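Student: The chain contents come next:
Protein chains: 2
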Amino acid sequence: MSAVDVASMLSCPVPIEQYPTVLLAHGGGGRLMHQLIERMIVPAFANPALAVRHDAALLPVPTSHVAFTTDSYVVRPIEFPGGDIASLAVFGTVNDLAMCGARPLYLSVGFILEEGLPMETLWRIVQSMRRCADEAGVWLVTGDTKVVDHGSGDGIFINTAGIGLIEHDLTIEPRSVRVGDAVILSGDIGRHGVAILAAREGLELETAVESDCAPLATTVLALLDAGIEVHCLRDLTRGGLGSALIEISEAGGVRIAVDDVAIAVNESVQGVCEILGFDPLYLANEGRFVAFVPAEQAELACAIIDAHGAGTRSAIIGRVDRGEPLVTMLSSIGATRIVEMMSGEQLPRIC
Amino acid sequence: MSAVDVASMLSCPVPIEQYPTVLLAHGGGGRLMHQLIERMIVPAFANPALAVRHDAALLPVPTSHVAFTTDSYVVRPIEFPGGDIASLAVFGTVNDLAMCGARPLYLSVGFILEEGLPMETLWRIVQSMRRCADEAGVWLVTGDTKVVDHGSGDGIFINTAGIGLIEHDLTIEPRSVRVGDAVILSGDIGRHGVAILAAREGLELETAVESDCAPLATTVLALLDAGIEVHCLRDLTRGGLGSALIEISEAGGVRIAVDDVAIAVNESVQGVCEILGFDPLYLANEGRFVAFVPAEQAELACAIIDAHGAGTRSAIIGRVDRGEPLVTMLSSIGATRIVEMMSGEQLPRIC
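Note that the protein sequences, when read in sequence, are chains A and B.
For the first sequence, my numbering assigns the number 1 to the initial residue and increments by one for each residue that follows.
For the second sequence, my numbering assigns the number 352 to the initial residue and increments by one for each residue that follows.
To be clear, the hints were calculated from the coordinates, so they are not data collected in a lab.
Owing to the predicted nature of the structure, the values given are computational and were not obtained by experimental measurement.
Beta carbons are placed, not taken as given, at the ideal position from N, Cα and C, and that holds for glycine.
Do not rely on the hints blindly, as some may be mistaken.
[What the hints assert, rightly or not] For the chain A half of the interface with chain B, some residues (derived, Cβ under 7 Å), not all of them:
hint : residue
1    : 24
2    : 57
3    : 69
4    : 71
5    : 96
6    : 106
7    : 110
8    : 112
9    : 341
10   : 342
11   : 348
Please put together the full structure from these sequences, using the hints given.
Tutor: Take a look at the structure:
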């Protein structure tokens with residue numbers, strides 16, 4: 001389906017005067033389910049792999065090593081400044097592949113819909129998924145739709161799984177991190193968490209905060225193409241920067257020292273955190289990552305990230321030191337503290 | 352992890368006196384989520400691909416063509432005679448791969464848990480998934496856990512996506528079906544639908560009906576190994592045999608004539624259908640499939656299926672005729688009727 005065809009499908013392709021909301025029968029295997037899939041979902045996601053109606057998609061895989069990942073998305077509300085559940089579901093899984101240095105190629109999508117979901121809402125989300133897949137350069141090649149009775153779900157949950165190609169010889173993982181590596185943060189932190197919070201609670205912020213939700217694969221592949229010897233990558237989703245650093249420290253058996261002053265936080269995000277008592281270090285992001293690279297390549301890596309970034313600046317926020325696995329943070333007044341794993345839930349259902 | 356290790360983990364590895372139920376924080380990205388994943392899920396599913404804690408699993412793929420599929424599972428109740436949501440989630444996705452003639456290799460798993468789910472229940476389901484993965488010969492290589500607030504989910508939903516290898520040169524799809532092909536049904540129909548119904552409604556059947564839930568890949572690969580020129584395969588899940596035949600007829604542009612008398616239905620299943628007004632033709636199955644093969648290979652195919660089957664007998668139930676896409680059924684009294692797509696929902700949430 002060409003862009004023109006998609007543009008011509010602006011009205012909901014399921015007759016909404018007849019079916020204003022999703023019914024249990026839309027997941028039941030019968031006529032209504034086929035109508036939903038054939039009229040709405042398959043045309044919206046159209047690609048050669050999807051054209052063959054089958055239980056699975058058959059895919060050419062031109063390398064012998066692939067990356068495979070999955071995530072479910074249960075964000076509330078499903079639409080928020082800077083994104084929606086569809087952009088999270090596409091970019092989130094694309095980013096998990098990118099964090100292995102993989103080139104994202106194929107996505108599966110599983111919808112769990114609640115009976116009573118407005119059909120127009122589903123259509124908006126399906127269209128958004130298609131746009132995001134186009135932006136990220138992936139195909140949605142196979143899928144599934146289930147409907148649960150009213151009260152047993154929450155509008156719409158989406159699972160995506162993704163396949164990406166490994167086209168490099170690096171071993172990008174926490175165990176590859178080396179003493180002396182620079183720690184690069186790709187941009188400012190906390191936007192996604194605050195955007196969700198503001199949308200959910202109806203907060204009126206002086207300057208609206210948009211989610212940083214964005215695909216990261218192009219940036220990562222540019223780092224690899226430029227010969228940056230990337231040791232480890234991690235996107236900063238649930239648990240934020242703090243949790244990501246602790247996970248890498250523990251899994252890699254390395255000590256990480258970061259400098260609070262180097263970590264950018266948008267003024268509105270900082271304001272919300274101060275008022276509500278959140279720590280931006282643990283707020284979720286959907287378009288930020290940390291990269292561990294040899295110190296001598298750090299400046300070049302930052303320049304490449306900024307050339308592909310969304311207006312925000314990357315920074316070298318720390319280094320890998322000798323010592324027991326631990327994450328330490330140097331504050332603006334020169335004090336050093338240990339960064340602890342966030343206990344409990346800072347903000348539920350942010351992705 | 353060896354079988355011995357699994358056996359030694361019979362008690363729940365998360366301290367249930369402290370955490371008797373799943374909390375929102377078990378999905379929040381912090382300490383509790385890590386405890387759940389590190390203590391329960393990773394050890395239960397242990398394999399080399401899972402050992403590297405990463406956003407995606409890195410997998411060797413020794414062929415250039417793979418099959419990729421996904422399904423979400425929302426069955427109620429989550430445990431029923433002959434299976435549970437875990438066996439559906441593993442075997443269902445394995446079977447979707449098998450229906451392309453693919454050798455199932457890797458599965459992803461995404462849990463959407465409802466706050467308040469008993470931790471023991473989750474542990475039982477995780478253990479069951481591991482056993483089923485072992486039985487089906489697949490690895491659970493990557494996963495995700497989300498928790499939604501009480502009332503926004505229904506205990507446990509599971510999504511699995513699967514990757515399988517295509518090791519043959521056949522094009523197994525509806526468009527490969529040819530006039531003259533025999534239609535083979537791999538066993539009796541309707542068990543899964545009735546097992547779910549009985550468990551849900553507390554029906555007391557004279558003879559308990561167990562779900563037919565089972566992995567089908569070994570059987571399909573045996574057909575291919577024996578040189579059966581398989582034209583099309585389809586497992587009979589939501590919508591049952593009737594919907595599967597109509598889908599193949601429409602997608603392949605072929606007329607299919609089946610013989611009601613050749614379609615096996617267990618006596619208890621038949622009894623429940625007669626009392627409650629269900630048609631076994633549309634009842635869900637989780638371990639049955641139809642195969643379209645050249646007529647001269649049909650007897651051999653049946654023998655191979657029966658050698659790998661679970662005690663039930665396969666049968667040649669029809670043939671592909673010339674004519675417009677349509678499915679016709681010859682009744683026991685010699686009348687022919689058109690098999691229609693089931694309209695609406697026969698039984699919700701059966702998988």
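Student: Would you list, in rising numerical order, the hints stated earlier that this structure does not obey?
Tutor: none
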